[in-house]
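There are 4 protein chains.
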Amino acid sequence: MSGNTIGTLFAVTSFGESHGPAIGCVVDGCPPGLSISEADIQAELDRRKPGTSRHVTQRREPDTVEILSGVFAGRSTGAPIALLIRNQDQRSKDYGNLAETFRPGHADYVYTQKYGFRDHRGGGRSSARETAVRVAAGAIARKWLAERYGVRIRGWMSQLGPIEIPFVAIAEIDGNPFFAPNAAIVPQLEDYMDLLRKSGDSVGAKITVTATGVPPGWGEPVYGRLDAEIAYAMMGINAVKGVEIGAGFASVSQKGSEHGDEMTPQGFLGNHAGGVLGGISSGQDLVVHLAIKPTSSIRLPRRSVTLDGQPAVVATHGRHDPCVGIRATPIAEAMLALVLIDQALRHRAQCADVVCATPVIPAHPLG
Amino acid sequence: MSGNTIGTLFAVTSFGESHGPAIGCVVDGCPPGLSISEADIQAELDRRKPGTSRHVTQRREPDTVEILSGVFAGRSTGAPIALLIRNQDQRSKDYGNLAETFRPGHADYVYTQKYGFRDHRGGGRSSARETAVRVAAGAIARKWLAERYGVRIRGWMSQLGPIEIPFVAIAEIDGNPFFAPNAAIVPQLEDYMDLLRKSGDSVGAKITVTATGVPPGWGEPVYGRLDAEIAYAMMGINAVKGVEIGAGFASVSQKGSEHGDEMTPQGFLGNHAGGVLGGISSGQDLVVHLAIKPTSSIRLPRRSVTLDGQPAVVATHGRHDPCVGIRATPIAEAMLALVLIDQALRHRAQCADVVCATPVIPAHPLG
Amino acid sequence: MSGNTIGTLFAVTSFGESHGPAIGCVVDGCPPGLSISEADIQAELDRRKPGTSRHVTQRREPDTVEILSGVFAGRSTGAPIALLIRNQDQRSKDYGNLAETFRPGHADYVYTQKYGFRDHRGGGRSSARETAVRVAAGAIARKWLAERYGVRIRGWMSQLGPIEIPFVAIAEIDGNPFFAPNAAIVPQLEDYMDLLRKSGDSVGAKITVTATGVPPGWGEPVYGRLDAEIAYAMMGINAVKGVEIGAGFASVSQKGSEHGDEMTPQGFLGNHAGGVLGGISSGQDLVVHLAIKPTSSIRLPRRSVTLDGQPAVVATHGRHDPCVGIRATPIAEAMLALVLIDQALRHRAQCADVVCATPVIPAHPLG
Amino acid sequence: MSGNTIGTLFAVTSFGESHGPAIGCVVDGCPPGLSISEADIQAELDRRKPGTSRHVTQRREPDTVEILSGVFAGRSTGAPIALLIRNQDQRSKDYGNLAETFRPGHADYVYTQKYGFRDHRGGGRSSARETAVRVAAGAIARKWLAERYGVRIRGWMSQLGPIEIPFVAIAEIDGNPFFAPNAAIVPQLEDYMDLLRKSGDSVGAKITVTATGVPPGWGEPVYGRLDAEIAYAMMGINAVKGVEIGAGFASVSQKGSEHGDEMTPQGFLGNHAGGVLGGISSGQDLVVHLAIKPTSSIRLPRRSVTLDGQPAVVATHGRHDPCVGIRATPIAEAMLALVLIDQALRHRAQCADVVCATPVIPAHPLG
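Residue numbers (the numbering used here), protein chains in the order written: chain A, 1 to 367; chain B, 1 to 367; chain C, 1 to 367; chain D, 1 to 367.
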């Protein structure tokens, strides 16, 4: 598969650099008849947009999406849907001094080794700007999943640096720029971020993303497993260094008598599995956690090398996120949507005629 | 991609159920001219084999591999290499009473929901027996990677249930059935396992797998990233619930000034990145950690349901691993090999003509 | 996609050389619940088998197929179905003198250029023996297409060398070794072949293959078009040099007023399109023609070169088909089945929810 | 694979409808370092453009291409290259009366059956307008093939309706709007077309396309064969009903002693194979022929049905090609380029280390 396409039956091919004319994607395989508008997609993009609080990058991008194809009379036709987002607020001069050096922790060095040279402006293709495209494509996927199956995808920040964020309520997520499901803790998060910004440093975060309403049966063992596809999609988000499903790394020290989710006719008695068993959805809530590393672009000086291997010191100025995790929630949600729609289509390709006599075991409530 | 194939240019298609006539795979895309023998592959399989210690399942399988195609005069021809392993020690009667119920934590329920029915014997297609195939295919990949690039892949157990296993030396790994890189701690692990076995319960484990000698430049941003492919391959191993690269979930609370690996002409000054930056290998050691959940098949009775949704109690007898993590190391190594060879071939497809003037920054020593 | 896999959702991965231990394939993506037995597959293989008349190669292969996985209690489980056919009647000594030279018109030279060396015995991987595998996989596909959609696939020889074979009736196809739909012309064909065999030369043939009962809507424009996939599958059969759909090359000199198939509520008024419009099935009969070149292995001496580029003369003895087209019909039918099942699954992946108000226009009778 | 992507390592994903805002594509996998400019691509597009003679459609489209990504400082970066062509001269009112009926021979009916409804304007996604995108992507491929391997791709019209066009010289191809390699016959072709246009009917054509300089070894047996991929790409061009390689359908009546191309150290003695043996390039010229059907849009009234299955009569007015074959040559060349670059990259992925001791046999001159 080409490296810039994700999905097989709902395939999203992405393009665009941070400081090029535009970013965008082609979504191929959308079922026909889905009502789609630029407004639907714009709503999701606006959740991700830079410059929405003092805690994130101050680059001003309207991120206005244009639908170029695949929609007629307000509905998807089955033809590929191309989405275009023009770049506007590139400040390439901010990057001028970086043409000759590699920023530690970024992809500059590896892109040069791989391709022989790189577009140094704004991180070029490696920039997190590309994630806007995923959110746009994800908007289409989410809509179909909700309408066709009643699937709801929700994510939130569960940890900011050292600060664990106890889950209070989904309703609180959209009330703060952190996507924290806990209004009470927000002042503490803001104080932390203000100090961080002054220090010129950065910190990581942990994101949790869930999906409810996923029917049992999605996933293609033994390699196209649902959990494997989720891990692929999430680890593929810039700055992600770890992915867990359900109990994740806590499973290591758990006993089988504790970890295994028992079943009764009234429902599952737990969800350590996080909604996936044997690589297939169980009908329980999907629960995924991502570890996001601290931003590599910091104002503090860092040792590095020049293009020809000489020592250098790099301090990144310009407009950067001190914690990329703050804006990661919509991206993680979008990626989960892209995985789920592809899995849904794959499942019905092979199993549309299956009739299962076993009743569906109700999910354990999300806790 | 079909769900039973992994890889694009070095594509492995797997088949076989736990209690069917045979398991096996077809390896398509192996570069020609690689010397390959059944002995090469058998050596890797023997590391994984059941019945090699009292701590693992007592199913006796010789796991003898036969090469059916793709090798002539001792060398790969470029044609697909088919590997066959006949099943011998199936004890289907052990599973007779499970035809009508679902074992909690296993794939029984989800397979039935997906396909309408299932081969209940030994877990059918969902059985961990299939992992023997991955180890077989991985043997070919490892050989090529070692000969062509000097890549060495090594894995070990870094935690058994609650017991953290400090790394002492690679040389100690093969001296105990746990693949623990620490001979001194082995008695403690054995005592723990003896108690566990008596209790009828199971526990999880954490596996670390590394690769040295990987040149910079492997990985296909933005979706076919090396870390994404690794996560896909590892999360796709039965019983894995979490994958980390480098610092993994520790990144969450790290500062950028700590996490970012500085570069000097003499080498990288750290490897929190775990060998991957921007989705591309950096030339540093690849470092991956897996969280393996506790075995679902335990002797303790567990609540479940029957095929038609009635309450039931399931206690699994027969021959099972109280800790599947104990035999996971060779599988994780094999999966890393499969990912790396596919990435190596993809890289040279696109970038064989690239000349990079920037010298390669030496890796930070593995620590 | 790996070169030895065909199909995306019903993916067949083939392996095996002419003189290796075995040939076989893995069929991944078969819908569950299809009743499948070795007898079903054997029936199709027997139609293709060598040694069934004096007009074809005298190699004696029972071509006995063994199902290694993916079938339980007589039904497909949804897991990959591996099929194995052991080679028995290899006469490698027949090929001993060919190790050092290239047979003109065969793949010997190009395999050596591509891979650096080749398995010279019996043509190795390039041998038409591999087509037995396609017939085996095709048997599964045909069964599902017939049961699920009522699709019937039939092929026949429409020309043997210079002798055009007028179509008389489908019922006559199985009554002669040529798969000729015309019993009366068979003596003429036999006389021609007897003379040809004595001469030591070979000749080509034209095969027609059709499918009835294909509903409208299969095909994935603009590249995954049904006609493109058919062309791909057919041109991929050994010795095929041309593929036509419907009127094929006769379209070149036709007027639009003649070629375009008009529609009335009672049905189409013609089928120059051969069942495909705009890359999608129209509901009309699929009609495909293949041009098969004369066998390259002939007893007449032919100029060639040795492995190190010296002049040589090659005359091929041993057991060869003087007209490979004679046994091609079951292979062409199998390939059409493989294409159609993959297209059927793709269509329902994307369009399972489509409701079309327009009635289906009946097909024009096959003429 | 998604239906709108062609190629695996040089993957082109196409989008856009005839009367939508734009058409375009994403080219993923272009080797880095290739110098690319909009002028390079525009030159190829201008060869295909509508309105360039009275013999083709009079729709006026500047077909101006914009590069949105993947090129920096005039060279490909290895990132995906997105190409955009805005539609300008849509005359949707020309199609107003066609919303309720199906044009016979077009995809209208099948798109409605497949997707439930269709964008009726200008043929929507099924329009030949999409082929501009293929020419644009093909321009990049051609450049790389020429620079890296010295491959030259040339096509021409070899038959217009009933008029066979004898090949005279490549130099004559660009001197007439037919891409005829024969200046002397052009007046006869023009007279024929003038009469045809007056009659309101249409006719088919045969196109020949060749590639010289292709080294031996490209192609991925047994399914990813070079000839199969070529057939796939060519049959996938709108209006193509047949594809031949080399002697094509003439092979049917040829003897092996005639068809088989003998080899001497000085070169091949013939090229009936058309440059492909056993699915792999032989180093000889690739020779491909396409049969193009007569345009379905003609002014003569044709019987058809309405959306709800009632009888109707359709006469197509507006701006159409009386012979789509006239503009097909650049499209066929582009498709051959796309196949060849993908095959080149695949070959070097698997076989970059192959050393072949056998010298390359020189090609037989193109005749």
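FYI, nobody ran anything at the bench for these hints, they're computed from the structure. Every residue, glycine too, gets a C-beta built ideally from N, C-alpha and C. Hints may be right or wrong, so weigh each one.
Pulled a few chain B residues facing chain A out of the computed Cβ check, cut under 10 Å [what the hints assert, rightly or not]: (1) K49; (2) E61; (3) T64; (4) F167; (5) P187; (6) Q188; (7) P311.
Straight-line distance between alpha carbons at most 20 Å, and here's what the computed EDC-like set of lysine to aspartate or glutamate pairs gives [as the list claims (entries may be wrong)]: (8) D:K255 / C:E61; (9) B:K255 / A:E61; (10) B:K49 / B:E66; (11) A:K49 / A:E61; (12) A:K255 / B:D194; (13) A:K255 / B:E66; (14) B:K49 / B:E61; (15) B:K255 / A:D194; (16) A:K49 / A:E164; (17) C:K255 / D:D40; (18) D:K49 / D:E190; (19) D:K198 / C:E258; (20) B:K198 / A:E258; (21) C:K255 / D:E164; (22) A:K255 / B:D201; (23) A:K49 / A:E66; (24) C:K198 / D:E258; (25) B:K255 / A:E164; (26) B:K255 / A:E190; (27) C:K49 / C:E61; (28) D:K255 / C:E66; (29) D:K49 / D:E66; (30) C:K198 / C:D174; (31) C:K255 / D:E172; (32) D:K255 / C:E258; (33) D:K255 / C:E164; (34) A:K198 / B:D194; (35) B:K255 / A:E258; (36) A:K255 / B:E164.
Index of numbered hints that the structure contradicts, given in increasing order: 1, 2, 3, 4, 5, 6, 8, 9, 13, 16, 17, 28, 30, 31, 32, 34 and 35
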